[in-house]
Amino acid sequence: MLQLILFYIFGAIAIISAILVITQKNIVHSAVFLASTLLSVAGIFLTLHAEFLAGVQVIVYVGGILVLFVFVIMLISVERAVHERQFSRQWMIALLASLALIAEFGYGIYKGKDSFLLPPAEVAPETALGNTQAVGTALYTTYLLPFEIASILLLVAIVGAVVLAKRKTTVD
Amino acid sequence: MVSTYHYLFLAAALFTIGVIGVLTRRNIMVILMSIELMMNAVNINLIAFSDHLQHQTGQIFAIFVITVAAAEAAVGLGIVIAMFKNKETMNINEIDLMKW
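Residue numbers (the working numbering), protein chains in the order written: chain W, 1 to 172; chain P, 1 to 100.
Hints were generated in silico from the structure; no laboratory data involved.
Treat the numbers as computed from the prediction; the structure is a model and nothing was measured.
Idealized CB from N, CA, C, for every residue including glycine.
Some hints could be false.
Unchecked claim - Here are the computed distance ranges between Cβ atoms for each label pair:
id : chain 1 : residue 1 : chain 2 : residue 2 : range
1  : P       : K85       : W       : W91       : 22 to 32 Å
2  : P       : M98       : W       : Y140      : 40 to 50 Å
3  : W       : G63       : P       : T57       : 24 to 34 Å
Claimed, not checked - Sample of chain P residues at the chain W side, in silico, Cβ under 8 Å:
id : residue
4  : L37
5  : I79
6  : N91
Kindly produce the complete structure, drawing on both the sequences and the hints.
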């Protein structure tokens, strides 16, 4: 019962904030509402018994990525963008495409609903150890190679971001 | 009782909001934020199925998605800054150097 209440509270906050993210004129407000969405998604992770992921979500997304966004917003001028047109001229087509996407999602989830009626799987003995330990064990044994590749990806991203932001680029 | 079904609908809604944001907004920062929204929707799906099947693989994949999101945000914002130095705009309609 508690899980249901928490799901609806966090889900409602997440969806309302997400709508506000894409409708606000001022991008600083968008960033604040994005923080609210990300924190409620962390709450959703908690209702799914993924405590480690909830912590990672708060630390990496809210503490890292969002701060990066706010830094960039600070570096570029916000004033001019507020007075411009906010939506593209193609918004009608975009909404039609999104309606098609909603229809596809609805159809897919409706067709597959029988597969969710499966009895929940047996709780594996490892999960009794705690979520963080189970995730850590899987990450450092079965998924060691993808983990290393992910660290190389992050290294490349750091170098790429520095090169992109520092280099003197001239168009003409 | 909350089922995996509920989480799938929540994730579908968040993903659709992200798609609408990417397709309709003209400000490049809001487009990057909408991409983050879509990645979060995917993470909710992965973790919902991880909980449904009582297996941690979904959570491992969610960690990789978060890693890719961090890398994407760093490179994307680097591109935004480099672009802003040249064109002084965040409007994607004015960034048309490669159009002919």
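Against the structure, the hints:
1. P:K85 with W:W91: 22 to 32 Å: Hint holds: Cβ distance 29 Å, inside 22 to 32 Å.
2. P:M98 with W:Y140: 40 to 50 Å: holds (43 Å)
3. W:G63 with P:T57: 24 to 34 Å: holds (26 Å)
4. L37: Result: holds, 5 Å to nearest chain W Cβ.
5. I79: Holds: closest Cβ of chain W sits about 6 Å from I79 (chain P), inside 8 Å.
6. N91: holds (6 Å)
Of the numbered hints listed earlier, not one is contradicted by the structure.
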